[in-house]
Amino acid sequence: MTWYLEKNNILVEEQAGFRRGRCTEDQITLIAQDIEDGFQEKRHTVVVWIDMAKAFDCVWRDGLLFKLKDNGISGNMFKWTEQYLQNRKARVRTQHFKSRTQNMKHGVPQDGILSPTLFSMFMNDIQTILPKGVYGAMYADDMAIWATEEYTGTAQARLQLALKALRMWTEKWLMKINPEKTTFTTFTLSTKPQTVHLKIGKHQLREEPSPTYLGVTFDKRLTWKAQTDKCQERGILRT
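Per the numbering used here: the sequence shown ends with 249, consecutive numbering throughout.
No wet-lab data here; the hints were simulated from the structure. Treat the hints with caution; some may be incorrect.
Unchecked claim - Lysine-lysine pairs mimicking DSS-like chemistry, simulated, CA-CA at most 30 Å apart:
#1 K89 to K186
#2 K209 to K230
#3 K202 to K77
#4 K235 to K182
#5 K89 to K77
#6 K212 to K230
#7 K52 to K79
#8 K174 to K202
#9 K240 to K142
#10 K240 to K230
#11 K52 to K186
#12 K212 to K142
#13 K142 to K17
Working from the sequences, and respecting the hints, build out all of it.
So this is what it looks like as structure tokens:
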């Protein structure tokens, strides 16, 4: 299936997770380059770091099968995938306790060799709902969206539309965004305060001045000082 999806260019370029020749550095570079380009043009970039709640465990299987069929997965490949997803059972076992076996009605199988590809396919169309002027990057369930504008108010308006579209997408496909863990960062070289307000539903998103995405810590002026300090600290601790 992975071969079929790649050969037919079905998986969007914005998704780099678990794909041959792609890595986390691709997404870090993509975001950083857009921010740096904005700095060169004296523009501001607002990035929203999306937290999908228990994403792999919440995949709606009927919805996933629909998307596979809609993208040309049929015949034995479709039947095998359908069987792969059905009749999955699990139980919790600790040193002193063992739960009853439960049927797993949602999610893709944990540690399944095909699960990352199936998850990417389920999330694939999320990029198509982003409004004009909003860009996205995904690595599996780690997602960021951003807008670069002369005025932060314009970026805010574009991103608020995107968040509304994302919320509608999650409701349609039975997924959830965790608003408490979803944050945003305003990247700017301006010395003037830049006020941005973003919401998911009624929840006001928190601004994070030093976010960590895919293991890399950003800062608002893209100096990489926080990341360098973290690496130096780890080096000291290892020695």
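Which hint numbers does the structure go against, in order from smallest to largest? Structure breaks hints 3, 4, 7, 9 and 11.
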